[in-house]
Amino acid sequence: MLKISNLHASVEEKNILKGLDLEIRPGEVHAIMGPNGAGKSTLGYVLSGREGYEVTEGSVEMQGQNLLDLETEERARAGLFLAFQYPVEIPGVSNMEFMKESVNAIREARGEEALSAADFLKKAKEACKQVNLPLDFLKRGVNEGFSGGEKKRNEIMQMILLEPKLCILDESDSGLDIDALQVVAKGVNSQRSPDRSFIVVTHYQRLLDFIEPDFVHILADGKIVKSGDASLAKEVEKTGYAWLGAKGEEKEA
Amino acid sequence: MSQWLEQVIERAEKVSDHLSAKRGEALSLLRQQRWPNRRVEAWKYTSLTPIEQLTLVEGATNQKIADIPAIPGVNSLDLVFCGGRLVTDLSGLSLPKGLNILPLSQAQQQTLSLFASIKPKQHLFGLVNDVLAIDGLLLDIEAGADITQPIRIVYLSQKDSESHNRLLVRVGEGAKVCVIEHALGAQSSLATEFAEYKIEKNAQLEHYRLNLRSGKALDVGGNHFFLDEKAQLNSSLVAFGSDLSRLDVDIVHGGEHANAKFNAIYLLGTGETFDLHSCVEHAVAHGTTEENARGIIGDRAKAVFNGRIHIHRHAQKTLAELNNRNLLLSRRGQVNTKPELEIYADDVKCAHGATVAEIEEKALYYLRSRGISRSQALVMLNYGFIQELIDELPNQALADWLAPMLRSRFEQMEVK
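If you're matching them up, the sequences are chains W and B in order.
What the first sequence shows, in the working numbering, is residues 1 to 253, in sequence order.
What the second sequence shows, in the working numbering, is residues 1001 to 1416, in sequence order.
Honestly, the hints are just simulated from the structure, not real lab data.
Here the structure is a predicted model, which means the values were calculated and not measured.
One or more of the hints may lead you astray.
[As the list claims (entries may be wrong)] Computed list of chain W residues with no C-beta within reach of chain B, every gap over 12 angstroms: (1) I24; (2) N36; (3) E57; (4) L68; (5) D69; (6) R75; (7) S94; (8) A105; (9) A118; (10) D136; (11) L176; (12) Q191; (13) D195; (14) D214; (15) F215.
[What the hints assert, rightly or not] Covered stretches of chain B (in silico footprint by chain W; criterion: 3 or more residues with CB under 8 angstroms from a CB of chain W, positions within the stretch not fixed): (16) 1360 to 1374; (17) 1378 to 1391.
[To be verified] Dumping the calculated DSS-like pairs for lysine-lysine here, alpha-carbon to alpha-carbon at most 30 angstroms: (18) W:K125 to B:K1362; (19) W:K100 to W:K165; (20) B:K1201 to B:K1317; (21) W:K14 to B:K1362; (22) B:K1349 to B:K1201; (23) W:K151 to B:K1362; (24) B:K1121 to B:K1201; (25) W:K186 to B:K1362; (26) W:K18 to B:K1362; (27) B:K1159 to B:K1201; (28) W:K100 to B:K1416; (29) W:K165 to B:K1362; (30) B:K1416 to W:K14; (31) B:K1097 to B:K1261; (32) B:K1121 to B:K1097.
Using N, Cα and C, we set each Cβ at its ideal position, and we do this for glycine too.
Let the hints inform the model, and build the full structure from the sequences given.
Written out as structure tokens, the structure is:
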């Protein structure tokens, strides 16, 4: 599904990722944990092709395709989905219009026909229901005035609608209470399938109680420094990241 | 004085009709006028060079009239001007009860009393219109009439010609009407279209000005409203820019408890200019004004917004709001915005503000990260910026007709 080799990336000429390797097979869930400033969010941005995040070395392949050659929108059409830690508010553009454009752009790329307004609405309603978002959220501006938890659920709702191949969840648990966390986790779990993979980026082990990972990686100072199974997350929960040394304690870039 | 203005005066001297007394007044004011340069406040940011370079002739009537775009679902009563001449046969129209339409040329006491009575005298091109607008219309809505069919005045420009038209509208006491002024054309031309609206006691005017000229079509016009007691005005402007496009809007609260709403949207493509000057006079107490202008300014385009609200000493309990927001699509675009409140009464509630912003990189990235192309994402963000004002257009069919037109304009406005 995804093969990251020796990935180096910088933001404003500051090196953030310093030789990251990761291989994900279809259907796997990989958790990436690590202290602030380790490069967790940067990884998501680099994979999705955000401007200003420059890859200086290494390669990323998704389903055999060189991901780094593609524009942000082309990556999304190829099946990459990033659930943002801080989804942006876009007043004036309704969630409905946004998602309809998005779903149809992705369907078109897959050679499928655009959904009719009625068919889209039906799907959107189902997706809203799955993450406990009231239907009037579709009419509201994208994330406009949403609470932190609502924004996160809106991201998962989008993920459900877009049916991506590879989902990157960037701290989808941050700022959530336990109920909201369960809703998010339930939404994610409903999407697990043998041909869909997940990268779950989180600071805390808590989310992984609900979304059980196949692998856990510790990211520190731009590299994966330790990999293991789900038990590694529990170990981190007990010991913290102090064992990584002072370097891991840098502030988020 | 510019050569063009000298020619205007020469031509005006030959005009003789029942409006001669009024035109004469304007002519003597024009003779005293100095051609504005950048030191004149009203023209500080907008250059008149495109007009100085004109060698146009007055419109000829024998040219074929371009197709008039219908507004589906609006079912308007259309009155069409082409190259400055009224080309609709008024005698062939079946008019709703309570609506009277007279050509300007027809001597009429009402025409005389309305002409140049609402439009302030300081607008240079308003004076030009005073002396050169041979063709025009008087719409008279009788007291109590409820005219449900919108009246649309269509202004078509003709290549290489000037057109000067005047619209006079009286909305009689308690009457209701909707007037759409729709100007279009992109060919080399100059139009001055000034309209004066007298909204009498308890009357309601729903008004649209669609300034959809672009390219080389120069457009200098005005909308001037007088509101009597409890009169209601809901005016919406949608404007593109051209080599030179300028609109002066004046709203006078002449009777208490009147309510004025004015929403303006201006969308400037590459290299275009648009200049909106508005002035609201609260001369009496208990008036309400709500003015919202939003503009999107393309590459190397230039917008001017000068919005003034003047609250006179006796205009107590006035509620007035003035807001202008701008979105610049390029670092080479320019906007000059100046909201002004001038308040001489002490018991009023007023607010004003202006902002200038750029497309948010984060928002663009967010949309693209969901598979939406950059071009399409920009169209969505642009549309989102004016969506609120589109939603406030009272006529849904008109809004639906505008939507795809605005979207295609946004596509043209994209800065690559």
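Each hint tested on the structure:
1. I24: 19 angstroms, holds
2. N36: Since the minimum Cβ distance to chain B is about 21 angstroms, N36 (chain W) lies beyond 12 angstroms and the statement holds.
3. E57: 23 angstroms, holds
4. L68: Check passes; 15 angstroms lies beyond 12 angstroms.
5. D69: Non-interface label on D69 (chain W) holds, nearest chain B Cβ at 16 angstroms vs cutoff 12 angstroms.
6. R75: 8 angstroms, violated
7. S94: Label violated. Min Cβ-Cβ 8 angstroms, cutoff 12 angstroms.
8. A105: The claim breaks: A105 (chain W) does not keep its Cβ more than 12 angstroms from every Cβ of chain B (closest is about 4 angstroms).
9. A118: 18 angstroms, holds
10. D136: 16 angstroms, holds
11. L176: For L176 (chain W), whose nearest Cβ neighbour in chain B is about 20 angstroms away, the distance exceeds 12 angstroms, so it holds.
12. Q191: 16 angstroms, holds
13. D195: 19 angstroms, holds
14. D214: 25 angstroms, holds
15. F215: 25 angstroms, holds
16. 1360 to 1374: The restraint on the stretch 1360 to 1374 of chain B holds, since 14 of its residues have a Cβ under 8 angstroms from chain W and three suffice.
17. 1378 to 1391: holds (count 8)
18. W:K125 to B:K1362: 27 angstroms, holds
19. W:K100 to W:K165: With a Cα-Cα distance of about 19 angstroms, the restraint between K100 (chain W) and K165 (chain W) holds, given a limit of 30 angstroms.
20. B:K1201 to B:K1317: This hinted pair holds, its Cα atoms lying about 19 angstroms apart.
21. W:K14 to B:K1362: 20 angstroms, holds
22. B:K1349 to B:K1201: 24 angstroms, holds
23. W:K151 to B:K1362: 15 angstroms, holds
24. B:K1121 to B:K1201: 24 angstroms, holds
25. W:K186 to B:K1362: Answer holds: K186 (chain W) to K1362 (chain B) is near 28 angstroms, not above 30 angstroms.
26. W:K18 to B:K1362: 25 angstroms, holds
27. B:K1159 to B:K1201: With a Cα-Cα distance of about 42 angstroms, the restraint between K1159 (chain B) and K1201 (chain B) is violated, given a limit of 30 angstroms.
28. W:K100 to B:K1416: 25 angstroms, holds
29. W:K165 to B:K1362: 24 angstroms, holds
30. B:K1416 to W:K14: Holds, because 28 angstroms separates the two Cα atoms, which is no more than 30 angstroms.
31. B:K1097 to B:K1261: 27 angstroms, holds
32. B:K1121 to B:K1097: Violated, at roughly 34 angstroms.
Hint check: violations occur at hints 6, 7, 8, 27 and 32; the rest are consistent with the structure.
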